[in-house]
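Engineer: Going down the list, the protein sequences come from chains A and B. Start counting the first sequence at 2; every next residue gets the next number (my numbering). Start counting the second sequence at 2; every next residue gets the next number (my numbering).
Simulated from the structure, these hints should not be mistaken for lab results. Don't take every hint at face value.
[Claimed, not checked] Keeping only pairs whose Cα atoms sit at most 27 Å apart, straight-line, the calculated DSS-like set for lysine-lysine is:
#1 K72(B) <-> K101(A)
#2 K58(B) <-> K101(A)
#3 K15(B) <-> K96(A)
#4 K72(B) <-> K50(A)
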Amino acid sequence: GDSVTQMEGPVTLSEEAFLTINCTYTATGYPSLFWYVQYPGEGLQLLLKATKADDKGSNKGFEATYRKETTSFHLEKGSVQVSDSAVYFCALSQKTSYDKVIFGPGTSLSVIP
Amino acid sequence: NAGVTQTPKFQVLKTGQSMTLQCAQDMNHNSMYWYRQDPGMGLRLIYYSASEGTTDKGEVPNGYNVSRLNKREFSLRLESAAPSQTSVYFCASSNGRGEDFGAGTRLSVL
Chain A
2 GDSVTQMEGP VTLSEEAFLT INCTYTATGY PSLFWYVQYP GEGLQLLLKA
52 TKADDKGSNK GFEATYRKET TSFHLEKGSV QVSDSAVYFC ALSQKTSYDK
102 VIFGPGTSLS VIP
Chain B
2 NAGVTQTPKF QVLKTGQSMT LQCAQDMNHN SMYWYRQDPG MGLRLIYYSA
52 SEGTTDKGEV PNGYNVSRLN KREFSLRLES AAPSQTSVYF CASSNGRGED
102 FGAGTRLSVL
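Using the sequences provided together with the hints, build the complete structure.
Structural biologist: Below, the structure written as structure tokens:
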């Protein structure tokens, strides 16, 4: 079945460092890909998405490019802030009647001043 | 526009007690979902509803029941709570462009 794999955390970075969180997926066809963010004590929020190959999703300085050839959707940010400390989930969704999203295990990011 | 609203936010139960977690969305989404989130296990789908009047099992349905009362509301019921059901529960809804999540219910079963 479809699945999502993310790099193991936790990840600890200094403020203004470059961030990459790796995500790869296994799926038939052409799923939509997502990154969600969960801040402490809150629910998940959609951060960005891409719906077809070579699409780039971007939001709040974060970017991810849908790479069909490597089945990847790595999350990047050029300069992280303390406020970016959260858990990041990579996810995919197939176009079915119920649009169910399959989540990766999440990667915890801590940014220190 | 409240998005996805879950109640209660916190709950403590004794083993064997029952309770219902409520979820409502005001975005006119067709699909709704219940997840549980446990440390080191990410999110696991309990049940989902593709549309009003339909429900289907997800990855971990045992010990739970759901009701899609109408398009807005999707409730999760624990008939006889067990300590293994201690978790954070999230409701979500979708229009096919990603899911919107509620703030979660922290449930402890003693």
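Engineer: Taking each numbered hint in turn, which are not upheld by the structure, reported in ascending numerical order?
Structural biologist: 3
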